[in-house]
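Enquirer: Chains A and B are the protein sequences, given in the same order. Every number in the numbering used here is 1254 more than the matching position in the first sequence, counting from 1. Every number in the numbering used here is 1254 more than the matching position in the second sequence, counting from 1.
Keep in mind the hints are simulated off the structure, nothing from the lab. All values derive from a computational prediction rather than experimental measurement. A portion of the hints provided could be inaccurate.
Identical copies carry no separate label here, and so any pair may be met within one copy or between two of them.
Stated by the list, open to error - Restricting the straight-line Cα-Cα distance to at most 25 angstroms, the calculated cross-link-like pairs of lysine to any residue (SDA-like) are:
| hint | residue 1 | residue 2 |
| --- | --- | --- |
| 1 | K1358 | N1383 |
| 2 | K1499 | T1339 |
| 3 | K1379 | A1401 |
| 4 | K1333 | E1370 |
| 5 | K1259 | Y1464 |
| 6 | K1425 | H1378 |
| 7 | K1499 | E1341 |
| 8 | K1358 | N1388 |
| 9 | K1379 | P1357 |
| 10 | K1398 | P1466 |
| 11 | K1484 | L1260 |
Next come the chains, spelled out residue by residue.
There are 2 protein chains.
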Amino acid sequence: MPAIKLKEISTRAPESISKEKTKGETDAMLSELDDLQNLLYAENRHSLLVVLQGMDASGKDGAIREVFGKLNPQGVMVKSYKVPTEEELSHDFLWRIHSHAPPKGMIQIFNRSHYEDILVTRVHKWCDNATAHNRMDAINDFEKLLALHNNTQILKFYLHVSPEEQMERLKERTSNPKKMWKYNEKDIEEAKYWDEYMNMYEECFSKCDYIPWHIIPSDQNWYKEYLITKKVYETLKGLNMKYPKLKSDR
Amino acid sequence: MPAIKLKEISTRAPESISKEKTKGETDAMLSELDDLQNLLYAENRHSLLVVLQGMDASGKDGAIREVFGKLNPQGVMVKSYKVPTEEELSHDFLWRIHSHAPPKGMIQIFNRSHYEDILVTRVHKWCDNATAHNRMDAINDFEKLLALHNNTQILKFYLHVSPEEQMERLKERTSNPKKMWKYNEKDIEEAKYWDEYMNMYEECFSKCDYIPWHIIPSDQNWYKEYLITKKVYETLKGLNMKYPKLKSDR
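Chain A extracted, bound-state conformation:
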């Protein structure tokens, strides 16, 4: 795929797009998604893995709530990856990821993921380039394993916000009582590494491309939700799933 330059991609919806109309389309797809998820579960042949990556305050939590929160929670699992524990660090970096790979019939969301091992770790030089490149190869192999050996559909989303939008959202966390719990003064420090993060993300998009990335303009939540919903909807729809027939004898 051609190299992705994040600076050249807008973080906003095109002006021509109507917010109201788009929200209506999102809702329509979401209600069909509920059926598609049921079908995924019933057919029990495929699974869906959704990887959400993005800078702090890029809207990962909101995407999970507004898109996947509308589905039957029995068929959706969410795993948020934080700083690895001591036990996790005593294994290869994909060990804690593989254990949460979705079984057939299920939708698994990763809020952050194995990609942190080639992003934050590189920005802070905890991981050298040779190791990072080996990890990229291992990530491609791993995603291939899930896709090829368990019919896992993998959707990788980068929530693309502008640094200005991020700063506004981080500041809101200091003033909005409902958001203060999310405030972490380290986030402001981390935001200073913006350009390094963008470089690392761009390399990750081009190298970890066995499964392609989707760049989601995310300054406006309604547009972000629309694009994610649309991609999930189209992916499940494209599986041409069928409800199993009644077992005639057993």
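Given the coordinates of chain A, assemble chain B onto it according to the supplied hints.
Expert: Relative to the frame of chain A, chain B by itself:
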């Protein structure tokens, strides 16, 4: 590596080798192994994965008892892989394997392994050739992940018995009260597929070669135990491990 032809490899020790002397050497290595394992645990930088494969009654259980049973059980974990459960089958074939990969400092034994997914499954045509070859690629990628990303030393042993020795051992299970619990009439049926198994093993040795296989002549337990002990001993010795120094301040 050159193709392995199992028929051309003896299942017995060379005549020139003394049983008594060899047993003495095994014991000497085993007592050093105890120290090496302690060092592996203390240093906490490497891990060891031992994969045991072989036909029924080839002596896998005995190898575990006589070699690894001599070590501190706190540092050794054994996982026996049986027919996959329904939950395991809802994941890719390496999911149940990866979760038991050894953390740093530990020795993990696999009594049967992911290799069953390209052996018994192929012999009985539950898995087509294309799938089997994809699995072989996935196995190489997976073993590379463990080796490269967690310093895991992987030793893969094929316990090589003759069909005559196997049949004798299977029959002993019908008469020796201490072994009757192991008797399974299906084993006799399975033994009829001997040549197919040998073909599948040979292909597996040549294709799954990111980590090389060790063919262990296993008609005589003392020789089998000697060879496995020696390989494990040399592998751990070769790591040049050191006890960590006292932490001077914290």
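Enquirer: Which numbered hints does this structure break?
Expert: none
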